[in-house]
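Protein sequence lines correspond, in order, to chains A, B and C. In this text, residue positions in the first sequence follow the working numbering: the first is 1, and each later residue adds one. In this text, residue positions in the second sequence follow the working numbering: the first is 1001, and each later residue adds one. In this text, residue positions in the third sequence follow the working numbering: the first is 2001, and each later residue adds one.
One or more of the hints may lead you astray.
Looking from chain B toward chain A, a few residues come up when the C-beta cut is under 10 Å (computed) [said to hold, decoys possible]:
| hint | residue |
| --- | --- |
| 1 | Val1005 |
| 2 | Glu1007 |
| 3 | Ala1011 |
| 4 | Ile1062 |
| 5 | Arg1111 |
| 6 | Leu1112 |
| 7 | Leu1129 |
| 8 | Gln1132 |
| 9 | Ala1136 |
| 10 | Ile1241 |
| 11 | Ala1242 |
| 12 | Ser1252 |
| 13 | Leu1278 |
| 14 | Ala1282 |
| 15 | Tyr1283 |
By construction, these hints were calculated from the structure, which means they are not laboratory data. Glycine included, each C-beta is placed from N, C-alpha and C at the ideal position.
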Amino acid sequence: MDKTVHADNSSRKGWFLNSPWLRHESLLLLILVLEWLYFNSVGPRFGTLENTYDILRHSSEIGLLALALTPVILTGGIDLSVGSLLGLCAILFGKLWRDAHLPVWEAAAAALGFGAAGGAVNAWFITKLRLPPLIVTLGTLSLFRGLAEAVTHGVDTFTGFPGSFLALGQGQIFGLPAQLPLLFVGAVVIWLMVHSTVLGRSWRAIGFAAEGARYAGIPVGRRVALVYVLAGIISGLAAVIYTARLGQAKADAGTGYELFAITAVVLGGTSIFGGIGSVHGTLLGVAAIAVLSNGLVHARQPREVAGMLTGALLLIALAASVLAKNLANNRRR
Amino acid sequence: MNAHVREISVALALGLILLALAIFADSFYQPQPLLSLVTGQAPALIVTCGVALVMIARQIDISIGSQMAVCSVCTGLLAAANWPLGLVLIAAIGLGALLGAINGLFVAVLRLPSIVVTLATMVTWREALRWQRQGAFVNLPDGLQWFGMSQTHGQLTIVISALVVLFLLGLSTRHLAAGRFIYAVGSDVEAARLAGIRPQLVTFLVFVGMGALTGLAATLHIVQSPQVDPNSGTGLELKAIAAAVVGGVAISGGRGNLWAVFLGFLLLACVSPALIHLHIEAYWERAIAGAIILAAILADGLEKQTARFSHPRTPSVANG
Amino acid sequence: MSDPCRSAPLLQLAGVHKSFGAVRALKGVSFELFGGEVHALVGENGAGKSTLVKLVTGALRPDAGEIEIMGNRVAHLNPARAHKLGVTCIYQQPALFADLTVAENLWLRLEAPGALGRVDWSACRRRAGQWLERIGAAISPDSEIRHLSMPEQQLVEIACALGTGARIVIMDEPTASLTQKEQHLLFSVVRNLRQNGAGILYISHRLEEVFTVADRVTVLRDGQSVGTNRMEELTKAALIRSMVGREVSDTAPPCGGAARDLVLALRHLGCSASGVRDVNLEVRSGEVVGLAGLVGAGWTELARVLFGITPADSGELQLNGRAVSISSPRDAIDRRIAYLPEDRRRHGVILDMSLAQNITLAIHRRLFPRGWLRPRAERQLAGDSLRALNVKAGGPDALAASLSGGNQQKVALARWLATQPELLILDEPTQGVDIGTKREIHRRIRDLANQGVAVLLISSDLPEVLDVSDRICVMRNGTMVATLPPKTGAHTVMAYALGQKGAAV
């Protein structure tokens, strides 16, 4: 028996409430602008170009990981192992360069390959064996970090990279931080994949209704495997940039990065359940967190306040979007 | 038979390691170091039991490491202010319960996903603590270590307390209706509601209980040394969840028992000392732990194929 | 059969009306159930049986009329109150805890324990064992529900019902997935219940069962009660006649012309995993073949075989004369087969996506050949589809959730029409849809056939099948039992579907 005909919700107000992701990003942009204005007024050196470059430099790895996680979370999955994979790739990169005497850029390319391999391991457990991503990547988080520790015997550090390589993390190109072009390219590529290609459309459909997507002929297994392999490759890239920035590769590289990356993604409006989300939202989320922590330093606040505020911000953002969704649902009824 | 496959395989793996140690490195079995080892692990065992219950209720809690740190430091401060031990214990449990209640509020009442909520609280508590302490240790009064008893007596007390908690929790999840409600809610929220259970309340209380257990574990932890390290508890959540997974608790809820979790805990706890005593480099520990976890969920995945029931389950509490 | 206790009816409905919007599900139905009797309720799909059941269990409230339970008028019934008053219903989908044991399920459902109560497992197991034994189910109380087969789970549900000591027991298609042996078990349970004074409301399509187990039968047709008789007074033929009522409607389907090319040919097709066996079927371009039969006869399973979700493992499938094997939905779509699934919630329109996104979901490869989305082309195609199907919406960018159920179904259809199929399989396309939209969809189906598409129409709505199809194939128990020419009487179709006519399967 049919229910009563639903009200047509395409009026402006209904439309507004019905697109929670759009509203979320606007809110985030507002927060970002407010942060900027506040810190600008409180810290004299905050608004300078030099400081902006600093922010970019320090947040490029987490930014890349957040970009990598956006498609993963869009499909309704999650990847806790990206930080550990970063560490493993950094170590293997260092080892190839120092002990196998590979030219540094070839070793860097190999690092991306290792990242892809790590992502493929996750992909295999999740798509072929149909195991829950949360626990699989919890396991690979330990495994990858453990392998990194094993390879370095727990103590080894790789240093002494050539200057041309270190310039990637510490130098400049046309006056901009050298990793910025890479970050920019990465962001553009991921943005295009998510928003302008069939892949992104498939990912969303899978996140909303994986079975339904299958019935529509979408190759669910392949699409999901791709996001994890992609996340792996980007972890490898982040590993290279991290090593260039710090000038050294240690087994504990990237510890805890996955948590900030996930925070940025969820803050940016991507739903942890999948389907809803955007790359610009993620970038805004990364920016909000990075500006917050940098700005608090300039405002002579302890660093820890940034962490606390980030946590609180995450909860508030989540609660707000759930409440907005409930409001929209109630209107619909 | 089917139901005990996990316990048996974990027990076998554990037995193998212990056997290898007995043959190749019986220095492991010297009473004093072994007791110290076990004592050091006792607080983690309590926390593991708690997180196992959270997972059975189809939730997750990754903030327990930070909760542990906060409770340790706060109770340390109270002890340093010469509060009597009994009050310190109560305060610890109360504080832990409060932290757990905050998680429970967001998950059970506001219906937010537990992975993100506990991620947020984890970061918030840890940073707040770091801000307050700036890395400074808390110096404990002399009489506090080992409860004021001799080291051996203190250690035995701690170990026995942990085992008592395990025992009580194991019994109540088996024989107390409230314990079975956790399984019901984790298995199917709608069916639980129809059976007259209140899923929101159960979920909320599970998080509160988790926090209380963390507070208790924190107290057992601080009496083991003269100082409290504000960085204690880092990585605790991963260890606890890993032990639960190895012990057969499924992330999808409704399954698992604490005795198997205990075995899983022992297995993972053995890896590091076994490596040391067998003169294998210790840095293999994390890789081996990761491999054990993956093997455990592999077994879970294979077992799932044999279940003939493909019941479309109603989503967990957080999904509304 | 002993005379049912005639003191006072356990359950009485008087002049009950229930409407859903414009649809009138029950029009003044009166009904009585006495203790110690098995009262069957029969009728075609859509006759109002499930609505009546929901009124008795308290899931719905009547718009008019009275309900009396145990002689007391009940004004505001809800499921909890109904349960307390002694009403219990056994559904086809058991509400059991998959991860827990049988004993524990029974304990949770039957004993409603307080939180601090102690669980006495041995007593629990013993009681569960007793209940299971009483219904003769050979199930161990320690088995986990997820390891039991569907029929076994249903038996557990029945044991639950037994345990509640309910006086009014409603059984909705209880034997749908039981084997012969299990059915006999069920009947003895039913007799047991009856002997203990319970009143059983037994809903079933299987007329042999009704004749075996029921004392009286009430026929519902189009929301009204056509009559209540004792089983001795009726023959099967008479029963079918009163269920079906009028003859085939006068709206003769405009036939699409002479027989054209053979699009689909199935020879002895079978899929052991899903119970489809030895299906022979031919569908030509331009014709609408209606698949009739009872719910559970095997249509959806057949559709899933044709669409590659559960591929066939025996027999032959020919498309346009060539034998093919279809191994995935992608495969099927590439071969110009489209399937509009029955389970709308899981496989239908994605509510959080826009109409355009939904409509183009199956044609990515064709519409976006290089992988890049083309919003303008997409919007245009979606706009054209929406207009063609007369969907009332705020444009292609509106969210699917903002549409009514009927319009959502049209959008789902649009998705599959966009794949330009040669063979279109529609599974319950108009279930739950208002009458106006229903007619529109029927018109569209006929238009498609006239354009040369081969259509396989699966529907439990017999008038719909009769109206729209050129030919009717009747399924029963996973195999095809009859192919009937156009304008076959509903009576005949039902006879085949119920197994009165045709070889026993």
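Evaluated hints:
1. Val1005: Nearest chain A Cβ about 17 Å off; hint violated.
2. Glu1007: 19 Å, violated
3. Ala1011: 21 Å, violated
4. Ile1062: Nearest chain A Cβ about 9 Å off; hint holds.
5. Arg1111: Hint holds; arginine 1111/B Cβ to chain A Cβ min 7 Å, cut 10 Å.
6. Leu1112: 5 Å, holds
7. Leu1129: 8 Å, holds
8. Gln1132: 8 Å, holds
9. Ala1136: 13 Å, violated
10. Ile1241: 6 Å, holds
11. Ala1242: 7 Å, holds
12. Ser1252: Interface hint status for serine 1252/B: holds (7 Å vs cutoff 10 Å).
13. Leu1278: Result: violated, 15 Å to nearest chain A Cβ.
14. Ala1282: This hint holds: alanine 1282/B lies near chain A, its Cβ roughly 7 Å from the closest one there, short of 10 Å.
15. Tyr1283: 4 Å, holds
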